[in-house]
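Participant: The sequence shown maps to residues -36 to -1, 1 to 184 in mature numbering (1 follows the signal peptide of the UniProt record, and there is no 0).
Heads up, none of these hints are tricks.
Listed next, with one range per pair, are the computed distances between beta-carbon atoms:
1. N178 - R61: 16 to 22 Å
2. A114 - E141: 19 to 25 Å
3. K138 - R61: 19 to 25 Å
4. T88 - E51: 19 to 25 Å
5. V94 - G182: 36 to 42 Å
6. G164 - A118: 32 to 38 Å
7. R67 - E141: 17 to 23 Å
Everything labelled a hint here was simulated from the structure, so no lab data went into it.
Glycine residues also receive a C-beta, built at the ideal position from the N, C-alpha and C atoms.
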Amino acid sequence: MSSRKTRMSFRKSSTRTRLRRAVAVAAAGAAAFVLAACGGSEDASAGHGGGHTAASPSAPQDGKSTFNAADVAFAQGMIPHHRQAVEMAELAPERARSAELKRLAEEIKKAQDPEIKTLTGWLTSWGEDVPAEGDAGHGSHGGGGGMMTAEEMADLEKASGEAFDTAFMELMIKHHEGAVAMAKTEQAEGAHGPAKKMAGAIITSQSEEIDAMNEMLGKS
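Given these sequences and hints, build the entire structure.
Facilitator: What follows is the structure, encoded as structure tokens:
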């Protein structure tokens, strides 16, 4: 019995440590992109004049004013993706049982809100469409890219306590996996330096959060 209690205590301690690390990574990413929001759109617009033309290999190679179709797709896809994650996170304060989960949800919101603003600024400076609120949301997105369906969101909104915690983490893990895949595509195919840097931050922070949530669920 003593050995079992020791293992359980170690597991809880390990989970808290992993969660604190995930929260710290998310918080650092949020701080970085508050600054990026101030300079990123100006960098992006330099040399473009707000036009729609995607960058070619002959475009300025300063890693800032250059962008291509992959960068546009990344920004247009990540904005509704982040909006849904924020919407999910906003449910946690009133519905979650776990204090650790509430803290993680708050950090997800803090990290992704400024990224939405930065992505919006890039699209505006490039003369590209910014997804409208609700565009590519639950219903029209059909759950692709890790996005929740309307039914899944409705079920989450009705849940509370331990049932909410479990559903939130299972859905957010799938959601984060979709974001990581999108970010890896941006790193491989994008041309805009700040967007590729954001993609790297998303991969790091959301992978940490996936590990933390899997541990909380007892899956690792």
